[in-house]
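Chain by chain, the residues:
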Amino acid sequence: MTDAAVTDRAAPDAPATDAIVETRGVEVRFALPTHFLSREKPVLHALNTVDIAIRPGESFCVVGESGCGKTTLGRAIIGLLKPSAGEIYFNGQRIDTMDEATRKPIRRDMQMVFQNPYASLNPRRNVFETLAEPIRHLMPEKSQSETRAQVEEVLDATGCDPSWQRKLPHEFSGGQRQRIAIARALVTNPAFIVADEPISALDVSIQAQILNLMSDLQDERGLTYLFITHDLSVVEHFGTRVAVMYLGRVMELAETETLFAAPKHPYTQLLLDAIPRIEGGSFDNPKPPGELPDPVNMPPGCPFTPRCAIAEERCRTERPELRRLENGAQVACHFAD
Amino acid sequence: MAMLDIRDLHVAFPSGKTTEVEALRGVSVRLEKGERLGVVGESGAGKSMLAFAILNLIAEPGRVSKGEVVFHGENLLEMSGRDIRGIRGNRISMIFQDPMVTLNPVLSIGTQMIETLKAHRRISDAEARKLYIARLREVAIPSAESRMDAYPHELSGGLRQRVVIAIALLTEPELIIADEPTTALDVTIQAEIMALILKLCRENDVALILITHDLGVVAEVTERIMIMYAGLCVETGPTRQIIKAPRHPYTAGLLKALPQFAGRGHRLYQIPGSMPPITALPPGCAYHPRCEWASAECKVKIPPLEEGCACFHPLDQTEAAS
Numbered sequence: 001m002t003d004a005a006v007t008d009r010a011a012p013d014a015p016a017t018d019a020i021v022e023t024r025g026v027e028v029r030f031a032l033p034t035h036f037l038s039r040e041k042p043v044l045h046a047l048n049t050v051d052i053a054i055r056p057g058e059s060f061c062v063v064g065e066s067g068c069g070k071t072t073l074g075r076a077i078i079g080l081l082k083p084s085a086g087e088i089y090f091n092g093q094r095i096d097t098m099d100e101a102t103r104k105p106i107r108r109d110m111q112m113v114f115q116n117p118y119a120s121l122n123p124r125r126n127v128f129e130t131l132a133e134p135i136r137h138l139m140p141e142k143s144q145s146e147t148r149a150q151v152e153e154v155l156d157a158t159g160c161d162p163s164w165q166r167k168l169p170h171e172f173s174g175g176q177r178q179r180i181a182i183a184r185a186l187v188t189n190p191a192f193i194v195a196d197e198p199i200s201a202l203d204v205s206i207q208a209q210i211l212n213l214m215s216d217l218q219d220e221r222g223l224t225y226l227f228i229t230h231d232l233s234v235v236e237h238f239g240t241r242v243a244v245m246y247l248g249r250v251m252e253l254a255e256t257e258t259l260f261a262a263p264k265h266p267y268t269q270l271l272l273d274a275i276p277r278i279e280g281g282s283f284d285n286p287k288p289p290g291e292l293p294d295p296v297n298m299p300p301g302c303p304f305t306p307r308c309a310i311a312e313e314r315c316r317t318e319r320p321e322l323r324r325l326e327n328g329a330q331v332a333c334h335f336a337d
Numbered sequence: 001m002a003m004l005d006i007r008d009l010h011v012a013f014p015s016g017k018t019t020e021v022e023a024l025r026g027v028s029v030r031l032e033k034g035e036r037l038g039v040v041g042e043s044g045a046g047k048s049m050l051a052f053a054i055l056n057l058i059a060e061p062g063r064v065s066k067g068e069v070v071f072h073g074e075n076l077l078e079m080s081g082r083d084i085r086g087i088r089g090n091r092i093s094m095i096f097q098d099p100m101v102t103l104n105p106v107l108s109i110g111t112q113m114i115e116t117l118k119a120h121r122r123i124s125d126a127e128a129r130k131l132y133i134a135r136l137r138e139v140a141i142p143s144a145e146s147r148m149d150a151y152p153h154e155l156s157g158g159l160r161q162r163v164v165i166a167i168a169l170l171t172e173p174e175l176i177i178a179d180e181p182t183t184a185l186d187v188t189i190q191a192e193i194m195a196l197i198l199k200l201c202r203e204n205d206v207a208l209i210l211i212t213h214d215l216g217v218v219a220e221v222t223e224r225i226m227i228m229y230a231g232l233c234v235e236t237g238p239t240r241q242i243i244k245a246p247r248h249p250y251t252a253g254l255l256k257a258l259p260q261f262a263g264r265g266h267r268l269y270q271i272p273g274s275m276p277p278i279t280a281l282p283p284g285c286a287y288h289p290r291c292e293w294a295s296a297e298c299k300v301k302i303p304p305l306e307e308g309c310a311c312f313h314p315l316d317q318t319e320a321a322s
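So the sequence lines, in the order shown, correspond to chains A and P.
Position 2 (the first sequence) corresponds to 2 in the numbering used here; numbering is contiguous.
Position 317 (the second sequence) corresponds to 317 in the numbering used here; numbering is contiguous.
Bear in mind the hints are in silico, worked out from the structure with no lab data behind them.
We put the beta carbon where it would ideally sit given N, CA and C, even for glycine.
Hints may contain errors.
To be verified - Anything over 12 Å on all C-beta distances counts as not near chain A; from chain P, calculated:
#: 1; residue: Lys33
#: 2; residue: Leu57
#: 3; residue: Gly62
#: 4; residue: Ile114
#: 5; residue: Arg122
#: 6; residue: Ala128
#: 7; residue: Lys130
#: 8; residue: Ala191
Said to hold, decoys possible - The calculated DSS-like cross-link candidates involving lysine-lysine, where the alpha carbons are at most 27 Å apart (straight line), are:
#: 9; chain 1: P; residue 1: Lys66; chain 2: P; residue 2: Lys33
#: 10; chain 1: A; residue 1: Lys287; chain 2: P; residue 2: Lys199
#: 11; chain 1: A; residue 1: Lys287; chain 2: P; residue 2: Lys130
The shape of chain A in the complex, shown without the other chains (with noise of 0.2 Å):
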């Protein structure tokens, strides 16, 4: 890894050893099953050189349909998955090659909020005890008064009521739920938060008290999110910056008001014309189907091709690599500018 192109991921006035968490080319590549007459072995190619670096305070929102890689990367990260190829990085440390032992104290610093709060709880034990297991496992040198204590403290910043300690977790609803999911996340004092689709799975109403409640102890706790979502609508008021992934690779990394007001590459400005508007218009004219590509037998060129408008030849042999643009941003495509 050379000075340059470590200068040329991070945006200038932010070099990247301030980074957070940094992943530098980092490959996840699962074997699928194999026929038991063929000598063929498929391998799914889950994430590809993957180049981020998460900034300390910031959002960072990872966007893109199912099966782009965006929860891959976020469990990779988190540890979770360990990567084929690549290196992770957490405050200048290499985690991803750490034995479990080593590990252990930074896992406290990074924690994760999962989609589904019906089931990232275990439904038989108490909220005390979900809260109380990560401080037991990650911090032993705590007192029993002192777990108590902290879990209270949490309980108290994540709007939860004390009283709840003692109950289970099918009493409550499910934003209740995702708030305590948050609490058992920020319970060890974490710096860094990965946040898969947290409010996916909840009603309306309750979004925008989970998103509030993720951006107030931001502030009052200086964390930083990776934000793994779908929703652009929510990436555009959450988000310092946006990855933009398609089948396993980044198409497009800006700053969320640069991506909102220039969306450069064509996946972007097709993900943003999808987005349903209260103002109406974006329904208006069918599209044909778009196919994804499989995602084994990856065609040489430009994953995003065949649903391109503006592809050419050169798309269909030739991958573009991320490439800064003038704007700031970072784009994988030949033609953008």
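Could you slot chain P onto chain A? The hints should help.
Relative to chain A, chain P alone:
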């Protein structure tokens, strides 16, 4: 006479041995030919219940405890099983949320389409084939002939939902009830599917009841809107008008809470609390515990639906606009 006239519909489920709770607590709605109505609400508000009740599909132990569903002058709820089967899937079609669940996984697309046609028409296999290839083309499925022998698992989510739409259109229905048709799909596919539904409804003059929780989708597709809360319609009227100037505090809150209306870095407007379950409804207006305008009257009396708004303190237009 309206094409569909739902009058004071109640749906009840037993709770305990002798008592019942109501999932729908008296919903009335009229739909003209070719009209597109959006039904919006949170989960548990009763919007899917309404869809099922229209076709008399409420599963045991639930039942329609009161009310009528009049379709072209006939009450669907009093029809014999045989008569209503002539309407279900024929004159009124449904599109459900998850196409993987709706389609039979062990039958090819073609078989399922022929089945639908043969259930309602006297038609030869060759004719049926011609008709459904035309329909598959209409929903923009590439290489339609070769797809007929495909099984549902061989198609992507978007294509599957297109097949479901093609099946729903086969019998040339007058009304399509679409229950969250794009919730399981990606935004880009959602835009494709909703644009398609909108186009087909316009071209064939088909009425649509679109059930969704997404105000953006409703605003794009429908002409009239009905906001449901805890088993009741709290506000109804022309879509544009309601979105521009909502009168019920709940509608106003839902609209204000949308991220696209908050400036970047500003807090979102949030409605406090959550919708009560139907087993524990507060007395009076079900929304009063979350409402900033609630008065003593709201706590004891259910506000009637008057001029499209069920509220004792409707926001006036100027207030809502500010």
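Going down the list of hints, with the structure as the test:
no. : hint                 : result
1   : Lys33                : holds (22 Å)
2   : Leu57                : holds (24 Å)
3   : Gly62                : holds (22 Å)
4   : Ile114               : holds (23 Å)
5   : Arg122               : holds (33 Å)
6   : Ala128               : holds (24 Å)
7   : Lys130               : holds (22 Å)
8   : Ala191               : violated (4 Å)
9   : P:Lys66 to P:Lys33   : holds (25 Å)
10  : A:Lys287 to P:Lys199 : holds (11 Å)
11  : A:Lys287 to P:Lys130 : holds (24 Å)
Consistency note: the structure conflicts with earlier hint 8 alone.
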